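Undergrad: Here are the chains, one letter per residue:
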Amino acid sequence: MGAVWDVLTNEVTYSSAVRFAALLLFAASGEWVAERAGTLNISVEGMLLSGAFASAVSIDLVDSMWLALLIGALAGLLLSTVQANLSHRLPADQFVVGLTINILVLGLVGFLDDELDPSVSGAGVVSVPLLSDIPLIGPALFAQSWPLYLVYPLVPAMWWLVYRTRWGLEVRAAGEDPNSADVSGIRVNARRRQSIYLVGLTSGLGGAYFVLGAVGSFEDSIIGGRGFIAIAAVIFGGWTLKGSVAGCVLFGAVVSFRLSLPQQGYDALGTELLQALPYIVTIAGMAMFAHRIRPPAALAKPFLRGLK
Amino acid sequence: MQTPGPAAVELVDITKRFGRVVACDGVDLALQRGRIHGILGENGAGKSTLMKVLIGLVHPDRGEVIIDGQSVTITDPIDAAGKGIGMVHQHFSVVDALTVWENIALGDVGRLDPAAVRDRVGDLSRHYGLAIEPDARVGDLPAGMRQRVEILKCLRRDPHVVVFDEPTSVLTPAESEQLFDALRRVVDEEGRAVALVSHKLEEIRHATDTITIMRQGSVVERIATADSDAASLARAMVGRWVSLRTERAALGLGIEEAATVDDDVDDEPADARDVLELVGVSARGGDGRVLLDDLSFEVRAGEILGVAGVEGNGQRELGDLLSSLAPISAGEVRVDGRPVRCGVAGAMSRAGIAVVPEDRHDSGCVLEMTVAENLFLAEPERIAPRGVIDRRRMNDAAIELIERFAISCEGPDSPLWSLSGGNQQRVVLARELSHEPKVLIAAQPTRGLDVGAIEYMSDQLRLAAETGVAVLLISTELEEILDLADRIVVLSRGRVAGEMTRRDLDLERLGLLMGGADVSELAP
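Note that the protein sequences, when read in sequence, are chains A and B. Going by numbering that gives the first Met the number 0, the first sequence opens with residue 0, and the numbers climb by one from there. Going by numbering that gives the first Met the number 0, the second sequence opens with residue 0, and the numbers climb by one from there.
The set of hints was computed from the structure by calculation and includes no laboratory data. Check the hints yourself; a few may be wrong.
[Said to hold, decoys possible] Once the Cα atoms are required to be at most 25 angstroms apart in a straight line, the calculated DMTMM-like pairs of lysine to aspartate or glutamate come out as:
#, chain 1, residue 1, chain 2, residue 2
1, B, Lys437, B, Glu297
2, A, Lys300, B, Glu297
3, A, Lys300, B, Asp358
Here the structure is a predicted model, which is why all the values come from computation and not from measurement.
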């Protein structure tokens, strides 16, 4: 148990937990909106990776952090136009499209990474005065590289968008009862496409943040399935934003915990087992909460107009 | 009242085909301000298609929509709303997961202002006498309240023309009265034009000023309500004189009559044994909501027990339960005194319960399979003794059933979708009755069928009861229950609100029970 104690009292564990949680939050906050609109958008994994790679190449070519972040977000957006228009303009199956995108991006990025081999310079750490002096949590939340801080306004902005704007109301109607929404004069598939563009932007940005603000270098396994964990966080959170944030923090903490243990010199548990830990927690979480949560009624159901 | 004002909207020569079916064939219709215009017809007569043209959900192949003398094209419901046409849908267009005010704001444009919408909901509901809580979640409200939301949503856009599509199908008799009162106000005080679409003769006569009757896509008669009589309306609607009691009940013609002409019916045999028993059955939904609440009743051999009630009070759940589709949280279901496990696939069927389900397309048959395959879907061992289908045996057995139940089709190999709705229903009925069941559950067995098919279905239910089957008829059509049932239990909020036999039938008490009135106040 000494190992666990050492890890839990170590500042590094908390800092790295926040960095992982932030990555998940960039992806999950957009994914939450897409799912509320009725799309189980699995291409979020590919969106993260494309954002990460595009920003890595950008920072190599032009030395502007803001521009690299922007290009990362646009790469995610570009990918989301493929997902959105294939699954909500043409009636292609959203999972087949998503799966294809993920495989395609993984292959393409692997190839281009070998060709271009971008060298990345990370963003600088900015400490927020006073707040970063709080023990353990302070530096973890407020002494990070500055792109991470973008996630703090992003999450409440998503809540406001979904619950306080007409667009958000229409998105929720589209995800719950597309036929009624249609009869009420809402362009259901347009709302669904737009919500996918949104997750494209946030996860592209998330990928860029991870390269520039957390890792500081690029390799093609950098995302490594965390897009899927972001999806799991949304489900774990019962399709509420609060719950999704809790899911991201929990899963981020678990990832950080398993990375910190060996760093502290404890390797009694096999690394393979440790690597599986976040996924085990995900499955356990889903098993615990699956029966008491209600997904958006039209989640993953395509909407076609006309007489049935 | 007899001088027609200027037409608020006119439909001219509207024609619409779906494949080979002509849903509307050169239909003309003018809706006047300050008048309630009844549009009467059987299921499939083209009423709904015509109204969908009016609100832009269906685009006609030919014909014109004229508003204030101008020919217009209505592209979609929002466009229709902009042109002053609104509709209160039969299957509501409200989103259960949203609150009342959110639903009413849905489809507006501009910035969302919750406080303003809430205030407006309050004003509207006071004005029309339709009380409603703006912050309630719509899914938690009973059907009558959800319809109020639908009506307020429609009236909020201040339409000149309001279409009500079968508005009373989810209402208790008292709620229907309230609705017609509000309708009158909309018409008399505000000069709107109202179209009331219905297949129920009595309510059309009761609530309208003029009537247009449709049959098979065409207008067959236009008449002022004051000059009409029920029998000739019924004749125009069905295309022949109707005299049979069932038919009259199916048309909603004379509830009193259907309920009282039964002096020739024997009292149920006193020694009839209970075949199906439900004892304290409770069931909960996935979200923990109580769907069936300590439900107890029994059905005797040779009787038809009618389960009356307003839609959404547990009918669907009761049907699902007896189709082995849903588990229960407490209580017991017994057939011939032996308990049956609930929620285990096929258990109810093996215990001798046959089901004609509420939605035959959803759970009654497979449209892409052939008639013969559908006939043996539930009991394939009869035609496939060792797991391999014996085609000759299947064909012979299918032909026998097709003849016995007079199923109109090209043969056992024709796909089920090629049959009419009434004949698809016969296939389901033939399959269920061919097992020689002890209990027959008929859930909304005549929904969406025409008068002839309703007649056939009613005869079959009576016949089944005569041969000693315990028949449970679950229906939201009160006329159907009154016509067929020997005994009636009223289902309200998932529990039995009251029970009465044909002998001590009291329509007023029945209506109150359906509306969820407290039983203790009504104890005879």
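Undergrad: Next, verify each hint and record whether it holds.
TA: Now the hints, each set against the structure:
1. Lys437(B) with Glu297(B): At roughly 13 angstroms apart (the allowed maximum being 25 angstroms), Glu297(B) and Lys437(B) satisfy the hint.
2. Lys300(A) with Glu297(B): Judged against 25 angstroms, a Cα distance of about 40 angstroms means the pair is violated.
3. Lys300(A) with Asp358(B): holds (20 angstroms)
The structure does not agree with numbered hint 2 stated previously, though it agrees with all others.
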